[in-house]
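The numbering used here applies: residue 43 is where the sequence shown begins, and numbers increase by one.
If you are wondering where the hints come from, they were derived from the structure by calculation, not from laboratory data. Incorrect hints may appear among the rest.
Once the Cα atoms are required to be at most 27 Å apart in a straight line, the calculated DSS-like pairs of lysine-lysine come out as [said to hold, decoys possible]:
#1 Lys173 with Lys82
#2 Lys93 with Lys171
#3 Lys93 with Lys51
#4 Lys123 with Lys75
#5 Lys178 with Lys82
#6 Lys171 with Lys73
#7 Lys93 with Lys106
#8 Lys117 with Lys82
#9 Lys86 with Lys51
#10 Lys54 with Lys73
#11 Lys86 with Lys113
#12 Lys54 with Lys113
#13 Lys54 with Lys86
#14 Lys86 with Lys173
#15 Lys113 with Lys73
#16 Lys123 with Lys106
#17 Lys173 with Lys75
#18 Lys51 with Lys178
#19 Lys123 with Lys178
#20 Lys106 with Lys75
#21 Lys173 with Lys113
#22 Lys86 with Lys106
#23 Lys117 with Lys51
#24 Lys106 with Lys51
#25 Lys75 with Lys113
#26 Lys173 with Lys106
#27 Lys75 with Lys86
#28 Lys123 with Lys73
#29 Lys178 with Lys73
#30 Lys54 with Lys106
#31 Lys117 with Lys106
#32 Lys173 with Lys117
#33 Lys73 with Lys86
#34 Lys86 with Lys123
#35 Lys178 with Lys117
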Amino acid sequence: MADYEERVKLVKEQLRLAIYFAREFMDVLGKEKALEIIEKAWIKYGADNWKGRLQGVPPEDILKVMGEWFKAQEKVRSELKVVEATPERLSIEFTRCPQYDVCQEMGVPEICQKYCDSDYGAATLINPKLKMIRDKELAYGADLCNHCWVMEE
43 MADYEERVKL
53 VKEQLRLAIY
63 FAREFMDVLG
73 KEKALEIIEK
83 AWIKYGADNW
93 KGRLQGVPPE
103 DILKVMGEWF
113 KAQEKVRSEL
123 KVVEATPERL
133 SIEFTRCPQY
143 DVCQEMGVPE
153 ICQKYCDSDY
163 GAATLINPKL
173 KMIRDKELAY
183 GADLCNHCWV
193 MEE
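Between the sequences and the hints, there should be enough to build the whole structure, so can you do that?
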């Protein structure tokens, strides 16, 4: 698997066109309205990504399967740490974020902030009982991102 710098290059290619669109939206629609639209798009994108990985998984196994996916990623991504992975709770931490690094480099860190903000809405679209909890985000100046998902009863 690619090291972090290679991942940043890959993410930059993946995000480049979207960032150009985002800049135009902000110029034409105004920053606030554009960021609102961008966050909605990120929510749908994030939910669709997980729904593909979780297709056919019963609700009670969602966190288990997500935990297995992150544990596999942890082996090849030094910036990722799985803190807790149980059927009831999944907690991970990122010490670096290629999406944030790319957005910051391209002068639009607020695009990544909306990417991060979208995790809450995406969780609900994956399953209405799935809740995202986080109090630290690299995109907002923290030294790490902590993600925690819990399945409400």
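Results for each hint:
no., hint, verdict
1, Lys173 with Lys82, "17 Å, holds"
2, Lys93 with Lys171, "14 Å, holds"
3, Lys93 with Lys51, "26 Å, holds"
4, Lys123 with Lys75, "35 Å, violated"
5, Lys178 with Lys82, "21 Å, holds"
6, Lys171 with Lys73, "32 Å, violated"
7, Lys93 with Lys106, "14 Å, holds"
8, Lys117 with Lys82, "31 Å, violated"
9, Lys86 with Lys51, "24 Å, holds"
10, Lys54 with Lys73, "22 Å, holds"
11, Lys86 with Lys113, "24 Å, holds"
12, Lys54 with Lys113, "24 Å, holds"
13, Lys54 with Lys86, "20 Å, holds"
14, Lys86 with Lys173, "16 Å, holds"
15, Lys113 with Lys73, "37 Å, violated"
16, Lys123 with Lys106, "16 Å, holds"
17, Lys173 with Lys75, "26 Å, holds"
18, Lys51 with Lys178, "25 Å, holds"
19, Lys123 with Lys178, "14 Å, holds"
20, Lys106 with Lys75, "37 Å, violated"
21, Lys173 with Lys113, "20 Å, holds"
22, Lys86 with Lys106, "22 Å, holds"
23, Lys117 with Lys51, "20 Å, holds"
24, Lys106 with Lys51, "31 Å, violated"
25, Lys75 with Lys113, "37 Å, violated"
26, Lys173 with Lys106, "15 Å, holds"
27, Lys75 with Lys86, "17 Å, holds"
28, Lys123 with Lys73, "34 Å, violated"
29, Lys178 with Lys73, "24 Å, holds"
30, Lys54 with Lys106, "30 Å, violated"
31, Lys117 with Lys106, "17 Å, holds"
32, Lys173 with Lys117, "26 Å, holds"
33, Lys73 with Lys86, "20 Å, holds"
34, Lys86 with Lys123, "25 Å, holds"
35, Lys178 with Lys117, "23 Å, holds"
Hint compliance for this structure: hints 4, 6, 8, 15, 20, 24, 25, 28, 30 are not met, and every other hint is.
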